[in-house]
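Read top to bottom, the protein sequences are chains A and B. First residue of the first sequence? That's 1 in this note's numbering, and the numbers climb one at a time after it. First residue of the second sequence? That's 401 in this note's numbering, and the numbers climb one at a time after it.
The hints are simulated quantities; they were obtained by calculation from the structure and are not laboratory data. A portion of the hints provided could be inaccurate.
[As the list claims (entries may be wrong)] Here are the computed lysine-lysine pairs in the BS3-like style, where the Cα-Cα straight-line distance is at most 27 Å:
id: 1; chain 1: B; residue 1: Lys588; chain 2: A; residue 2: Lys317
id: 2; chain 1: A; residue 1: Lys273; chain 2: B; residue 2: Lys420
id: 3; chain 1: B; residue 1: Lys450; chain 2: B; residue 2: Lys464
id: 4; chain 1: A; residue 1: Lys3; chain 2: B; residue 2: Lys464
id: 5; chain 1: A; residue 1: Lys205; chain 2: A; residue 2: Lys162
Spelled out, the chains give:
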Amino acid sequence: MAKNLFNIDDALLFESELGEEDRLIMETARDYAQSKLEPRALKGNTEEYFDQDIAREMGEMGLLGVNIPEEYGGAGASYTAYGLVAREVERVDSGYRSFMSVQSSLVMYPISIFGTEEQKHRFIPKLAAGETIGCFGLTEPDHGSDPGSMVTTALKVVGGWKLNGAKMWITNSPIADVAVVWAKAKESPSDEGVIRGFIVEKGMKGFSAPHTKYKMSLRASETGELVFDDVFVPDENAFPDIKGLKGPFMCLNSARYGIAWGTIGAAEFCYQKSRQYVLDRKQFGKPLAANQLIQTKLANMLTDITAMQMLALRLGKLKDEGRDHPSMTSLAKRNNCGRALEIARIARDMHGGNGITGDYRIIHHMMNLESVNTYEGTYDIHGLILGREITGIQSFTPKG
Amino acid sequence: MKFIVSIKMVPDVYAPFQIKDGELLMDGDRMVLNAYDASAVEEALVLTEKYGGDVEVVCIGAAKASETIRKALAMGAAKGYHIQTNGDEAYDSSSYAQILADFLKDKEYDVLSFGKQSQDTDSGLTGGMVAQLLNLPYATNAVGLEIEDGNLIVKRQGDSGQEMIALPTPCLVTCSNDMNEPRIPNLKGIMASKRKPVESVAVSDMNLDGAALEAVSKVTSYSPVPARAAGQKFEGEPEEIATKVAQLLDTEANVL
């Protein structure tokens, strides 16, 4: 019989497929997350508190803009490395990963792709260092899955644009120095308008970012609105060429990719804690782990996690080779969020009463993953994206 | 001062392992830089950042050990030496010490620094053996290092105080992981590390005497840590419990 070990945390040995550089980056992210983020997570969730030192720390570690070119202050590493970082950060809390994803994929990334050379040099290095915090405004109070119907407008005026409207469910907004905002740009008030991107800065007259209250999920990160009341944005803060939904969708695709990886970390945490809990906890004189019901739950978790790891690893390789398609990311984001949420719910159940308290940190993941399953394209919307690919028929617009 | 730090790739202590039929099965994919060596690298970096100088690292291991060298380079070391093995040699501490001493005998350095032991075997032998083979003054289990008047000042923690030893250079020291918190290399360091020089040499090309490399000790078998027996709980009046516990300590535990 072969003397090989069955690794109960990495059943098909996916980490052995990683290149040297990606593994070193994973190790750095893991060491940082476990030593600096894990001790803050309980307070973060309990008191709804995001320690802004985290931005600078992540900047110093190079965890912001992992795959942004080095010339703008990013690390210039692979997509796989970016995914591995997301996994390690989300192993602690989806809120911290959300902060990082938004900064990297939804702020630094669009500026690096759509921005002018001047914008890239003006904004990205400070964002990479965590000296400034960014947010991304696409979703509106009445337009979530259907962003094309947005009502925020940017009217052309001399020297710039005048923004009016509101964005909602915006990660980082109350603490952001910079907001990448998508609005319908109009040359005149009667124009139909075309979606364009603007870099709105804190302190611009008429711009406010109120905090969203009573959030029961992602409590360790900040969420708020973006309100524009005749905000003048100078021409030099507008993305010059990108028009239509392609711009925001490219950003979302990058962030969704990180989510597909991040959820693996959350799921692994829940699985590993559950395993330890059922081995330690005795009822009727035996460990809970001695029960068939418990064992098959763990078996399902490990099977799902292994599939999630394989999907993410393969998608990362395809992205690094430039062979990816946005629907591949939809498939991975949808599957991995759905599986992680299910694993967290079952883990909560396996922890019994202890799963209800924050001490065991399972319920934080369970609550967080409700948001993660919903944001950046809900589970069902990604199902419709795949449905359209499979059948050639779009079914986003209801036929009734 | 110039430091050469000897580093080792060891299995991640958090990786799962099994013991079957007296043999140790480890997940060979989860390998990390030995924590004691990481402390030695960190301290060398701190001292050279303060007083100037260079830090180089040397590592014996199979091709895969290049990752461990890169980790030290990402932390800030300037250069690596990779002494390559096939990975299936039956080496023990003595064999490694022979290889290192031969490799280092013509190198220039002020301080050879080692972790005081490795996490996988906890032997703690190689550093002392290399010092003997190279005829260097040495100190073990350092918890702090300083440089003063060209000497390496080694702080050792004793049972009832600290011992300060001044070693003239060149010298050798083995480091405890109590001396510092090794830095986590940032991504900039990791990306820059691939541009740093690593010299490789195969053990088979070193013209070493084969007999000298033969292990002088061998592990005969592995066994798991025995499970701890359940404790006993005593309830009742304090005086009665105290009497009973004292009796048991005397008659059963035989510690009184």
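Okay, the hints, checked on the actual structure:
1. B/Lys588 - A/Lys317: holds, 22 Å
2. A/Lys273 - B/Lys420: Holds, at roughly 26 Å.
3. B/Lys450 - B/Lys464: With a Cα-Cα distance of about 33 Å, the restraint between B/Lys450 and B/Lys464 is violated, given a limit of 27 Å.
4. A/Lys3 - B/Lys464: Distance of about 20 Å is within 27 Å: holds.
5. A/Lys205 - A/Lys162: Cα-Cα ~11 Å, so holds.
Comparing the model with each numbered hint stated earlier shows that hint 3 is the single one that does not hold.
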